[in-house]
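Undergrad: Using the sequences and the hints given, assemble the complete structure.
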Amino acid sequence: MPSFLPHTSARAAGLFAAVALVLTSATPASALPGGGRTPRAIVEADSDLPPPITGVDVEEHLGDPLPLETRLLDSSGEEVRLGTLLSKTRPTLLTLVYYECPMLCSLVINEQVRVMRELGLELGKDYEAVTVSIDPKDTPGQSSERRRKYLQSMGKPENAPWHFLTGTDENVRKLADAVGFKYTYDPSTKQYAHPAVVTVLTPEGSISRYLYGTSFDRQNVKLALLEAAGGRVGTSVDRIVMSCFKYDTATRRYGFYIFGFIRLGSLAVFGALATMLIYFWRRELKKGATT
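All the letters of the sequence shown, read from the start, carry residue numbers -31 to -1, 1 to 260 under mature numbering (1 follows the signal peptide of the UniProt record, and there is no 0).
Possibly wrong hints are sitting among the right ones.
Below are the DSSO-like pairs computed for lysine-lysine, each with C-alpha atoms no more than 27 Å apart in a straight line [what the hints assert, rightly or not]:
no., residue 1, residue 2
1, K106, K143
2, K106, K151
3, K143, K159
4, K57, K94
5, K94, K125
6, K118, K106
7, K159, K106
8, K57, K125
9, K94, K118
10, K57, K143
11, K118, K159
Label pairs and their computed distance ranges (CB to CB) [said to hold, decoys possible]:
no., residue 1, residue 2, range
12, E127, T244, 47 to 53 Å
13, T158, E114, 22 to 28 Å
14, A162, G93, 30 to 36 Å
15, L76, I247, 52 to 58 Å
If you're looking for bench data, these hints aren't it; they were derived computationally from the structure. Ideal Cβ positions, reconstructed from N, Cα and C, are used throughout, including at glycine.
TA: Following this line, the structure appears as structure tokens:
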């Protein structure tokens, strides 16, 4: 009998602990401390994506003109007016970068060089390029060094129309604001946070298209240049191909345009019928002349 009581007490204690555990598990999450919500700091720490950087974005200003009176320094240190660098007959690829960027700017420019080599369009004949540093501490000497490096990698002469420019913070921001290029300086890292984008300009200096990222599709870049030029550059075949593609604002890519293809097919059929009719008409005229 005395040995029975300790075992009974142990079983009772175990039963009480089990009931307590079940009751605790059944307690609604909202009744627990914090309301059952995971703290935001933990969610962000567990996420694969970094938190958004305030002040870094692209606000598209399609169709808007650039401030062509903006004065900047070219790679020789001469002050130039932005408008004088545009050819008025060819579109331009505009990039905003800075020379001491540890990675992103190099990725964008290197990819731009790769695509420019494979475009099937010629720098200086079909389009031009302008690169502007967003860092007011960058110098014309650095512009000259970068310009020579990238032109050599493309096999182009040093007088090729790819302009590398620097300027004051006020003038560069005026240009960036017109493009919708939002960037910010981080004093803790002494670096600029900025988007990765190439802007396509019309010959007159208006914004035609934005190309995003660090990997560009060759056909998208080519079609964007042809579109910006309004048929003034490229071959006849390029202009025909352009009529079969249309820019999709959702995917930010050029897609096959069925109505353009149908229109092109209709013209081809019309041309074939006209040719056949002319052939038969001439044959009948020859028959009439011999009889």
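Undergrad: All hints, please: hold or fail.
TA: Tested hints:
no., hint, verdict
1, K106 - K143, "17 Å, holds"
2, K106 - K151, "18 Å, holds"
3, K143 - K159, "22 Å, holds"
4, K57 - K94, "12 Å, holds"
5, K94 - K125, "12 Å, holds"
6, K118 - K106, "20 Å, holds"
7, K159 - K106, "12 Å, holds"
8, K57 - K125, "22 Å, holds"
9, K94 - K118, "21 Å, holds"
10, K57 - K143, "21 Å, holds"
11, K118 - K159, "25 Å, holds"
12, E127 - T244: 47 to 53 Å, "50 Å, holds"
13, T158 - E114: 22 to 28 Å, "24 Å, holds"
14, A162 - G93: 30 to 36 Å, "33 Å, holds"
15, L76 - I247: 52 to 58 Å, "56 Å, holds"
Of the numbered hints given earlier, the model fails none.
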